[in-house]
Amino acid sequence: MKNFAYFRPTTPEQAVALLEARWGNTEMLAGGTDLLTLQKQYIAQPARVVSLNAIGGLKTIAVGERSASIGAGVTLATISSHADLRRLFPALTMAASEIGGPQIRNMGTLGGNLCQRNRCWYFRDEHSPCLLRGGNSCSAIEGENKYHAIFTQNHRCVIASPSTLATGLIALGASAEVLGPQNRRRNVELAKFYTAPVGPNDREHSLAANELVTSVTIPVRGLNSAAYEVRQRQASDWPIVQVAVAFSGGRNGEKATGVRIVLGQVSPTPLLSETAARALEGRPINEANATAAGRAAVEGAKPLGQNGYKIRLVEVAVKRALMLAAGLPRYWEA
Amino acid sequence: MIELETTEAGPSRRQFLQGTGAAVTATALTGFAASDTPAAELQPGGGGQVPAVGPGAAKITLNVNGRDVQTSVEPRVTLLDALRNYLDVTGCKRVCDRATCGACTVMLDGKVVYSCTMLAIEAQGKAIRTAESLYNDGKADAIPVAFARTDAQQCGFCTPGFVVAMKAVLEANPQATPAEVERGLQGNICRCGTYEQMRDAIYSLCNTKRV
Chain A
1 MKNFAYFRPT
11 TPEQAVALLE
21 ARWGNTEMLA
31 GGTDLLTLQK
41 QYIAQPARVV
51 SLNAIGGLKT
61 IAVGERSASI
71 GAGVTLATIS
81 SHADLRRLFP
91 ALTMAASEIG
101 GPQIRNMGTL
111 GGNLCQRNRC
121 WYFRDEHSPC
131 LLRGGNSCSA
141 IEGENKYHAI
151 FTQNHRCVIA
161 SPSTLATGLI
171 ALGASAEVLG
181 PQNRRRNVEL
191 AKFYTAPVGP
201 NDREHSLAAN
211 ELVTSVTIPV
221 RGLNSAAYEV
231 RQRQASDWPI
241 VQVAVAFSGG
251 RNGEKATGVR
261 IVLGQVSPTP
271 LLSETAARAL
281 EGRPINEANA
291 TAAGRAAVEG
301 AKPLGQNGYK
311 IRLVEVAVKR
321 ALMLAAGLPR
331 YWEA
Chain B
1 MIELETTEAG
11 PSRRQFLQGT
21 GAAVTATALT
31 GFAASDTPAA
41 ELQPGGGGQV
51 PAVGPGAAKI
61 TLNVNGRDVQ
71 TSVEPRVTLL
81 DALRNYLDVT
91 GCKRVCDRAT
101 CGACTVMLDG
111 KVVYSCTMLA
121 IEAQGKAIRT
131 AESLYNDGKA
141 DAIPVAFART
151 DAQQCGFCTP
161 GFVVAMKAVL
171 EANPQATPAE
181 VERGLQGNIC
191 RCGTYEQMRD
201 AIYSLCNTKR
211 V
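Respectively, the protein sequence lines represent chains A and B. According to our numbering, numbering within the first sequence proceeds without interruption in unit steps and concludes at 334. According to our numbering, numbering within the second sequence proceeds without interruption in unit steps and concludes at 211.
With the rest of the complex left out, here is chain A (with noise of 0.2 Å):
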């Protein structure tokens, strides 16, 4: 690992006071799952480094009748074990609980999840050629590529997008809290704050380098929700597909409505399936039309080489998360 300074701010704006304009020279250290093994690999090799571990204010959970705000330094554990969370956004708290093993979940923050890398191996390799970093063309494409993108129209990189709580937090129509220079605040959805990055100075995200994420904000609106992954592991690992869902209603026969359904590890951003929602907008949730909505949110899915299977998996992934959310029976686990 190249060395660094290190900063220790206490306060959102010292820190956010210790950014640069640019990625690269300065980073923000939370959990650090991802960043010291991006430093260890030399993918990331920052002069700076910036602990957001000393700011107590991003580690609060304020749950209101309207909203609920949880800190972006809060730990995957305790969003895991959060009793209101778990009873209010069961996708958020469902997904939070199956990410890496309990070391992960001790140390990794909702912060860090929302904005980790990508874990293309070709980017985490320092010697493959990469758009990312740098190069003239993606090794993905026409490479190993089983666990890339399967929605791949208009992307030159081909990466899946990893975070497993941004999914649930979606569907749930929730909200980042970004702090930048000269105390600058804005709110953003976070169905809008994803984008695909193509080049070296591009995150997964729309961060500027100079902001920081304080916190996510989620309405209460007594909505229906529920995450499922596919996995290969059962832990420490990332689903090779993930959903989630919300809605209102839907249960006993009642019509869903307000449909969201998400779709993780598929394409270079969390993917908002509006087909899947309009196969499902207003009517009751069983299983005909929980598979309905599988096979509408694979439409158009364009897969590379190795990941065909993957549309498969999403179609399932979508019909399970909507049963789950429903209450209807775990027919899988027989």
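There could be a bad hint or two in this list.
Claimed, not checked - When the alpha-carbon atoms are kept at most 35 Å apart in a straight line, the in silico DSBU-like pairs for lysine-lysine are as follows:
| id | chain 1 | residue 1 | chain 2 | residue 2 |
| --- | --- | --- | --- | --- |
| 1 | A | K59 | B | K209 |
| 2 | A | K40 | B | K59 |
| 3 | B | K111 | A | K40 |
| 4 | A | K40 | B | K126 |
| 5 | B | K59 | A | K2 |
| 6 | A | K40 | B | K209 |
| 7 | B | K111 | A | K2 |
| 8 | B | K126 | A | K2 |
| 9 | B | K209 | B | K111 |
| 10 | B | K111 | A | K59 |
It should be emphasised that the hints constitute simulated quantities derived from the structure, not laboratory data. Owing to the predicted nature of the structure, the values given are computational and were not obtained by experimental measurement.
Given the coordinates of chain A, assemble chain B onto it according to the supplied hints.
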């Protein structure tokens, strides 16, 4: 490039280079002045009120197994390397060094973390416990004893990580079920595959008969 670790015992690369009159070369190689650069000069974005630590070595105090110990490390030194290479606490093992295998598992204020993926400087002010804390006054804790009785290790390199992870679960909830203990081991890997014997150890620790 092989990077030498700075240790308390031997001369560091930087001291060595300075000693041979090569301080200028050191600056060119590392991109940093070998002498202590005032923190403010390193801060293009302002924030001058927050002091920089490093890139040179800085004194840190860690509370390891109930004892405050001091050493001097560069900011990039991980908790694992500080424990093993600077403080001679070698129960935690370096295997993957990428937050995956769990051999480096230690408890921080009672919660398990991967010490390979945490900066030593960030572990200050926390109670760090390693596998060594499970051996007191010539007596081993029930968990390592159960491991030995059930032959739950082969090469043994992953064992301290598993033992610490198991201790964290059972300390937080002494009534934990075998399934709950197993869930607490999700972040640890045994390359020899002694999981079945570990299950025997878990059932004996939970006073549950394995069927």
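Here is how each hint holds up against the structure:
no. : hint             : verdict
1   : A:K59 to B:K209  : 42 Å, violated
2   : A:K40 to B:K59   : 23 Å, holds
3   : B:K111 to A:K40  : 24 Å, holds
4   : A:K40 to B:K126  : 24 Å, holds
5   : B:K59 to A:K2    : 19 Å, holds
6   : A:K40 to B:K209  : 44 Å, violated
7   : B:K111 to A:K2   : 29 Å, holds
8   : B:K126 to A:K2   : 26 Å, holds
9   : B:K209 to B:K111 : 28 Å, holds
10  : B:K111 to A:K59  : 17 Å, holds
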